[in-house]
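Undergrad: Based on the provided sequences and hints, a complete structural model is requested.
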Amino acid sequence: MNITAIRKMIVAAILEVAPEINESEIDADAELREQCDIDSMDFLNVITVLKKSSGVSIPERDYGNLETLNQAIDYLKNNMPSDTPYSRCDHNYTVDNGVAKSSLN
Amino acid sequence: MPSLGADMEEGTLTEWQVQVGDELKAGDTIAVIETNKGAIDMEVFDSGVITELCLEPVVTVPVGTVMATMTLSAEAEAGPEPKPESEPEPEQDMNLDHKAEREIIGRVPSSPAARLMAQREHINLSSMKGSGPHGAVLLRDLYLAEPHRKSHSEVLGLTPDPTGSRENTVDVGKIRSAIARVMEKSKREIPHYYLTKDINISIAQEFLCTVNAEREPEHRLLLLAVLLRAIAKVLPEHPQMNGYYQHGIFEASHHAHIGNAITLRGGGVVVPAIHSVEQLSLDQTMEALRDVIGRSRSGHLRSSELTDATVTVSSIGDRGVDTVFGVIYPPQVAIIGVGKPQQKIILVDDEITTGLMITVTLSADHRVSDGFSGANFLNALDTQLQHPEKL
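From first to last, the protein sequence lines are chains E and Y. Going by the numbering used here, the residue at position 44 of the first sequence is 44; the numbering climbs one at a time, nothing skipped. Going by the numbering used here, the residue at position 111 of the second sequence is 111; the numbering climbs one at a time, nothing skipped.
Simulated from the structure, these hints should not be mistaken for lab results. Treat the hints with care, as some may be off.
As the list claims (entries may be wrong) - A few chain E residues that don't get close to chain Y, going by computed Cβ distances all over 10 Å: (1) ILE3; (2) THR4; (3) GLN35; (4) GLN71; (5) MET80.
What the hints assert, rightly or not - Taking lysine-lysine pairs in the DSBU-like style, the calculated list, with each CA pair at most 35 Å apart, reads: (6) Y/LYS344 x E/LYS51; (7) E/LYS51 x Y/LYS390; (8) Y/LYS197 x Y/LYS187.
Think of the CB as a built atom: it goes at the ideal place given N, C-alpha and C, for glycine as much as any other residue.
TA: And the structure:
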């Protein structure tokens, strides 16, 4: 999946939780939770939506790696299965935490 | 029209979900009403049969207006008078008998809703011909007499969409003024006192990390659920923080119906209750929290959820403030504010270490409790939060 598609997926997840947000106003390098007025329940909902759309179940310990839109794009790019086509119905896929950590830290 | 809180003066019936003759159980939803808190599913509090629907949607009426009548199951055999299913608000002169009513408004019988509307809109009722019993002027007569007049909801800035396609269309200014009314009442009548306590939630946070590491996002727990459960466990020992103060009398509640201050996108706040949190598991509390926050933002809170909170929790600390001094929502007697969790340097057994800390603030009603009992409550909450596994 290319970066444009990943970005679209993340923005869609944010808009599902915060429908009044204007995509063009999101600063990709500023803190997402602050600019989109997202509290911890909203953030959990974004993560839940992203799991459905991307198949990546982002562990809580990695939340800190998703503070901005650009960080979130990087995170998903590194953690989504790249060679096998992903099925939306596959809910069993979970990210390998070890891989996630080594690729980001 | 039921009162869904001290800040509600009227509501708009947008849809009936029942018909005359329908048999209902207590808790069934009978209508959708649009209020300053969004679209609410209105429930009945008794079982029985609907005998009349008195209003046609879409119409805005004051709290206390009879919307429908029903024969209650227990009374059905005795053949009593149909009973209005919503109780009138005593504050709005609803208890006047017919004779007094005639005297006050110049010998023209009229419904309370029509009187209120006439008063607001400066309409002379004595010149009107009523279509109600004994020629009483009803709200609909006012609209029929002056069709050019803006609908009540337009006047008030409440604009429900009759197509129902936008469920939660509310006017922010209207919400603001509703909040203003109830907060004014609170600060005018309730002698608040405030106590704060810094609570180390490192153990609770560790517990959450361990539990959540094993779970998919849709089953993960939030700190707020842990806090709600801890509060519910502690409340039975501290009844002066949980209940209603009305007409000079405090009545403690046997249940922890915890209201959660939820910010609405676009402005305003609703405080729906999670019922009987003392009987829920931690997972059930989280599920209820998820459900109620979702419905607060999308519509379809239930009327009971907006009326029967026995204590409130405000966790806007999530938005980055250290301490939250809440204003009590009458007739409740306490509100618990939760600040932002922050890693801090602390001293434990003469050792300098760090801990994840939150400041919990109790705002309580001094007519009902004293600082001493408030302090006991906060200390008990602290102790409880050190044992999250027991929640």
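Undergrad: With reference to the structure, classify each hint as holding or not holding.
TA: So, going through the hints one by one against the coordinates:
1. ILE3: holds, 23 Å
2. THR4: holds, 24 Å
3. GLN35: holds, 13 Å
4. GLN71: holds, 18 Å
5. MET80: holds, 16 Å
6. Y/LYS344 x E/LYS51: Holds, at about 33 Å.
7. E/LYS51 x Y/LYS390: holds, 30 Å
8. Y/LYS197 x Y/LYS187: holds, 23 Å
Every hint, counting from the list given before, is met by this structure.
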